[in-house]
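Please assemble the complex out of the two chains, which come individually in their own frames, going by the hints.
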Amino acid sequence: NAGVIQTPRHKVTGKGQEATLWCEPISGHSAVFWYRQTIVQGLEFLTYFRNQAPIDDSGMPKERFSAQMPNQSHSTLKIQSTQPQDSAVYLCASSLTGRAETLYFGSGTRLTVL
Amino acid sequence: QQKVQQSPESLIVPEGGMASLNCTSSDRNVDYFWWYRQHSGKSPKMLMSIFSNGEKEEGRFTVHLNKASLHTSLHIRDSQPSDSALYLCAAPNDTNAYKVIFGKGTHLHVLP
Numbered sequence: 001n002a003g004v005i006q007t008p009r010h011k012v013t014g015k016g017q018e019a020t021l022w023c024e025p026i027s028g029h030s031a032v033f034w035y036r037q038t039i040v041q042g043l044e045f046l047t048y049f050r051n052q053a054p055i056d057d058s059g060m061p062k063e064r065f066s067a068q069m070p071n072q073s074h075s076t077l078k079i080q081s082t083q084p085q086d087s088a089v090y091l092c093a094s095s096l097t098g099r100a101e102t103l104y105f106g107s108g109t110r111l112t113v114l
Numbered sequence: 115q116q117k118v119q120q121s122p123e124s125l126i127v128p129e130g131g132m133a134s135l136n137c138t139s140s141d142r143n144v145d146y147f148w149w150y151r152q153h154s155g156k157s158p159k160m161l162m163s164i165f166s167n168g169e170k171e172e173g174r175f176t177v178h179l180n181k182a183s184l185h186t187s188l189h190i191r192d193s194q195p196s197d198s199a200l201y202l203c204a205a206p207n208d209t210n211a212y213k214v215i216f217g218k219g220t221h222l223h224v225l226p
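Just so you know, the protein sequences line up as chains V and L, in that order. In terms of this note's numbering, the first sequence opens at residue 1 and continues consecutively. In terms of this note's numbering, the second sequence opens at residue 115 and continues consecutively.
So here's chain L without its partners, still in its complex pose (with noise of 0.2 Å):
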């Protein structure tokens, strides 16, 4: 069964600080990701997509893709505590692309 894994599990960073978080498919047939960020008592909403190898970045935020690893992650500068989070990575299931499979999720806490 295909899973989505994240880590770490929980994150603290200093207000200004960076934060990296790390996904991984288990299916070699999955290339492409999106990162998801669930403030607490919220929905998740879609935070950026990554779909070609390599780097894209918005605003303070960065995601990396290596296709050959199956591993994306996301950066985050100059992190403020509003960014603290549930940050969740999603890919689709290798054998239907409609179904959108998500990780356990990476706890950001940003402390001021």
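Next comes chain V alone, as it looks inside the complex (with noise of 0.2 Å):
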């Protein structure tokens, strides 16, 4: 089992452009987070799937974040019009079910923003 997969591992935007970062769970998996961390708020919650749905989506910036998951295999975040702020590492998560249990996670994809 490879785990969590995500892709790239290191993504360098100019300010205003477009970043798509992808994650791959765990086979099986029913359950995919997204999570945001930076030393100053640490790991913040994003949003997540369960079965394909998007379940909560509460920690989102809603004018310029987006995240899909179009199939069981992958899940994807997008972010419009990067801004400086939005550096940081991206953190995908996969739990068996959801409910009070681990998640394993990706390596994380290094969002800089110049």
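Hints were generated in silico from the structure; no laboratory data involved. Where hints are given, some of them may not hold.
[To be verified] Only pairs whose alpha carbons sit at most 27 Å apart, straight line, appear in this in silico DSSO-like list of lysine-lysine:
| no. | chain 1 | residue 1 | chain 2 | residue 2 |
| --- | --- | --- | --- | --- |
| 1 | L | Lys159 | V | Lys11 |
| 2 | L | Lys117 | V | Lys62 |
| 3 | V | Lys78 | L | Lys159 |
[Claimed, not checked] Sample of chain V residues lacking proximity to chain L, with all beta carbon distances greater than 12 Å (derived):
| no. | residue |
| --- | --- |
| 4 | Thr13 |
| 5 | Lys15 |
| 6 | Ser27 |
| 7 | Gln52 |
| 8 | Glu63 |
| 9 | Phe65 |
| 10 | Gln68 |
| 11 | Ser73 |
| 12 | Ser81 |
| 13 | Gln85 |
| 14 | Thr112 |
| 15 | Leu114 |
[What the hints assert, rightly or not] Here are a few chain V residues that face chain L, going by a calculated C-beta distance under 10 Å:
| no. | residue |
| --- | --- |
| 16 | Val4 |
| 17 | Ala31 |
| 18 | Tyr35 |
| 19 | Gly42 |
| 20 | Tyr48 |
Please read these numbers as outputs of a predicted model, since none were measured by experiment. For glycine and all other residues, C-beta sits at the position ideal for the given N, C-alpha and C.
As structure tokens, then:
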């Protein structure tokens, strides 16, 4: 089992450009989570899916962030018009069913907005 | 808004010493916690979970839970330099148990 796979590992964008981050959850896991980690804010919840359906996106900055899960093997997080404050490590995690279970994190994508 | 608060922010212990980390939830409905460990440059990995009041021990690691005070603590005995990492406490969201909220973590440094 390869674990949760995130690509790319690093992404550098200019201010105002778009960034798309990819996540492949562990096979058989039905819950997929997106978090953002910075030194100041720590690990912040963004959104999660269960059985590919979006369940809670309360942590997402609504105007520029969007997430999708078109099939059970991958999810994407898209950031439009990136801003320097979007610079962070974006972590994807999956769990078997999502409730009261261990989260398995990917290696993350480090986004740097210049 | 529910918060998970950890203390101290940073902790330095000598090799072989005991490290004690604390965590509380602001929500009275939360009654279980996880502890995750994140080594520098790596992703968080679940270390221990605790769902029942009392104590749970796994090797050098012991977790306590006091549901009445919404408090959990992690104790590492005979600390090793390899234990140096960011320790994150996590709890389910009060209104949506599928959503997991993390504290900002305790940076543990074990000095050889």
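Checked hints:
1. Distance hint between lysine 159 (chain L) and lysine 11 (chain V) is fulfilled; the C-alpha atoms sit about 23 Å from each other, no more than 27 Å.
2. Proximity of lysine 117 (chain L) to lysine 62 (chain V) is assessed by CA-CA distance (about 22 Å); at most 27 Å being required, the pair is judged to hold.
3. Under the criterion of a C-alpha separation no larger than 27 Å, the hint pairing lysine 78 (chain V) with lysine 159 (chain L) is consistent with the structure, at around 25 Å.
4. The beta carbon of threonine 13 (chain V) is kept farther than 12 Å from every beta carbon of chain L, the shortest such distance being approximately 21 Å.
5. At the 12 Å boundary, the C-beta of lysine 15 (chain V) stays outside the reach of chain L, the nearest C-beta of that chain being 26 Å off.
6. In this structure serine 27 (chain V) is separated from chain L by more than 12 Å, as the shortest Cβ-Cβ distance comes to about 18 Å.
7. With 12 Å as the threshold on Cβ separation, the claim that glutamine 52 (chain V) sits away from chain L holds: the shortest Cβ distance comes to roughly 14 Å.
8. Every Cβ of chain L is farther than 12 Å from the Cβ of glutamate 63 (chain V); the closest lies at roughly 20 Å, confirming the non-interface assignment.
9. With a least beta-carbon separation of about 17 Å from chain L, phenylalanine 65 (chain V) lies farther than 12 Å from that chain, consistent with its non-interface assignment.
10. For glutamine 68 (chain V), the requirement that its beta carbon stay farther than 12 Å from each beta carbon of chain L is met, with the minimum near 18 Å.
11. Here serine 73 (chain V) stays apart from chain L, with its beta-carbon at least about 20 Å from theirs, past the 12 Å limit.
12. The non-interface label for serine 81 (chain V) is consistent with chain L: the shortest C-beta to C-beta separation is roughly 26 Å, beyond 12 Å.
13. With a closest Cβ-Cβ approach of about 18 Å to chain L, glutamine 85 (chain V) is found to remain outside the 12 Å limit, as its non-interface label requires.
14. Threonine 112 (chain V), annotated as away from the interface, keeps every beta carbon of chain L farther than 12 Å; the closest lies near 15 Å.
15. The beta carbon of leucine 114 (chain V) is kept farther than 12 Å from every beta carbon of chain L, the shortest such distance being approximately 22 Å.
16. Among the interface hints, the one on valine 4 (chain V) holds; its C-beta lies about 8 Å from the nearest C-beta in chain L, closer than the 10 Å criterion.
17. Nearest Cβ of chain L to the Cβ of alanine 31 (chain V): about 7 Å, under the 10 Å cut. The hint holds.
18. Nearest Cβ of chain L to the Cβ of tyrosine 35 (chain V): about 8 Å, under the 10 Å cut. The hint holds.
19. A least Cβ separation of about 4 Å between glycine 42 (chain V) and chain L falls short of the 10 Å threshold, and the interface hint therefore holds.
20. Given hint, tyrosine 48 (chain V) at the interface with chain L, holds; its Cβ is 7 Å from that chain's nearest Cβ, closer than 10 Å.
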